[in-house]
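Chemist: My request is simple: use the sequences and hints to build the entire structure.
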Amino acid sequence: QQPVQSPQAVILREGEDAVINCSSSKALYSVHWYRQKHGEAPVFLMILLKGGEQKGHDKISASFNEKKQQSSLYLTASQLSYSGTYFCGTSANQAGTALIFGKGTTLSVSS
Amino acid sequence: DAGVIQSPRHEVTEMGQEVTLRCKPISGHNSLFWYRQTMMRGLELLIYFNNNVPIDDSGMPEDRFSAKMPNASFSTLKIQPSEPRDSAVYFCASLRIGTDTQYFGPGTRLTVL
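Taken in order, these protein sequences are the chains called P and Y.
Each residue of the first sequence is one higher than the one before, counting from 1 in my numbering.
Each residue of the second sequence is one higher than the one before, counting from 1 in my numbering.
Simulated from the structure, these hints should not be mistaken for laboratory data.
Don't take each hint at face value.
Subject to a maximum C-alpha distance of 20 Å in a straight line, what follows is the list of computed SDA-like cross-link-like pairs (lysine to any residue) [said to hold, decoys possible]:
(1) P:37 <-> Y:42
(2) P:37 <-> Y:10
(3) P:50 <-> P:68
Cβ-to-Cβ under 10 Å is the rule here; a few derived chain Y residues that face chain P [unchecked claim]:
(4) 4
(5) 6
(6) 31
(7) 35
(8) 42
(9) 45
(10) 56
(11) 63
(12) 102
(13) 105
For every residue, glycine included, the Cβ atom is placed at its ideal position computed from N, Cα and C.
Modeler: Laid out in structure tokens, this is it:
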């Protein structure tokens with residue numbers, strides 16, 4: 001039931017791109033992406049809804065493939081500030097219900 | 001606007017002691033979640049409330065754990081008696097029903113010796 005994230009860790013140089021995947025064995029209503037920096041709380045990035053469009057802001061975007069029950073987070077031209085652990089949280093129900101989180105993908109960006 | 005407030009931020013206790021973690025959700029939010037985070041298991045949902053009513057407590061590990069939400073602005077998570085394997089960071093999150101975004105508090109780092 002817990003979504004599976006891949007890869008577990010990514011090491012990048014500034015300016016490089018990365019893709020983080022989140023797969024579920026259940027039919028999903030929504031996928032939520034969070035970023036957590038060391039010692040801090042997870043911070044919401046974006047949500048993908050069933051039937052919705054790809055979303056993004058700045059150089060971070062995401063997509064949701066309903067047929068595969070898979071979401072991907074795209075980080076373009078990475079910056080040092082992108083470092084952290086990225087979690088996907090999934091829900092099979094409509095808005096406001098609990099999320100089940102993947103184990104996270106740790107992204108390290110160096111100069 | 002104040003975010004989700006949790007206290008204490010750090011708690012060190014000895015095995016067998018009672019531990020109470022506290023959470024104040026964002027004003028106007030009517031759904032509250034308790035999560036536990038460990039390296040091994042990641043972020044696990046323990047319990048959540050809608051309008052102060054517990055909806056799903058299937059994630060509560062065992063009877064030693066209990067949670068209450070006596071009113072819309074306060075919730076507690078209690079562990080009695082505590083054990084070393086309870087050591088983790090406990091997060092509280094809230095949202096307004098009908099929206100999709102959960103806002104997390106800063107967490108309580110619990111260490112049980």
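Chemist: So if I understand the rule, the pair passes when the alpha-carbon distance is 20 Å or less; does residue 37 of chain P with residue 10 of chain Y pass?
Modeler: Measuring from Cα to Cα gives roughly 18 Å; hence the hint holds.
Chemist: Take the shortest C-beta to C-beta distance between residue 31 of chain Y and chain P; is it under 10 Å?
Modeler: Holds - the Cβ of residue 31 of chain Y comes within 10 Å of chain P, reaching about 6 Å at its closest.
Chemist: Quick check on residue 102 of chain Y please, does its C-beta sit within 10 Å of some C-beta on chain P?
Modeler: Holds: closest Cβ of chain P sits about 7 Å from residue 102 of chain Y, inside 10 Å.
Chemist: Given the hinted pair residue 50 of chain P and residue 68 of chain P, is their alpha-carbon gap at most 20 Å?
Modeler: holds (12 Å)
Chemist: Have a go at the residue 45 of chain Y hint: is there a Cβ in chain P nearer than 10 Å to its own Cβ?
Modeler: holds (5 Å)
Chemist: Tell me if residue 105 of chain Y is really an interface residue toward chain P, meaning its C-beta lies closer than 10 Å to one of theirs.
Modeler: holds (6 Å)
Chemist: Is the shortest C-beta separation between residue 42 of chain Y and chain P less than 10 Å?
Modeler: Since the shortest Cβ distance to chain P is 4 Å, the answer is holds.
Chemist: Quick one, is the residue 6 of chain Y hint okay against chain P at 10 Å, beta carbons?
Modeler: holds (9 Å)
Chemist: Was the hint right that residue 63 of chain Y lines chain P, CB cutoff 10 Å?
Modeler: violated (21 Å)
Chemist: Tell me if residue 4 of chain Y is really an interface residue toward chain P, meaning its C-beta lies closer than 10 Å to one of theirs.
Modeler: holds (8 Å)
Chemist: Please verify that hint: residue 56 of chain Y, Cβ, nearest Cβ of chain P, below 10 Å or not.
Modeler: Interface hint status for residue 56 of chain Y: holds (6 Å vs cutoff 10 Å).
Chemist: Take the shortest C-beta to C-beta distance between residue 35 of chain Y and chain P; is it under 10 Å?
Modeler: holds (8 Å)
Hint compliance for this structure: hint 11 is the single one not met.
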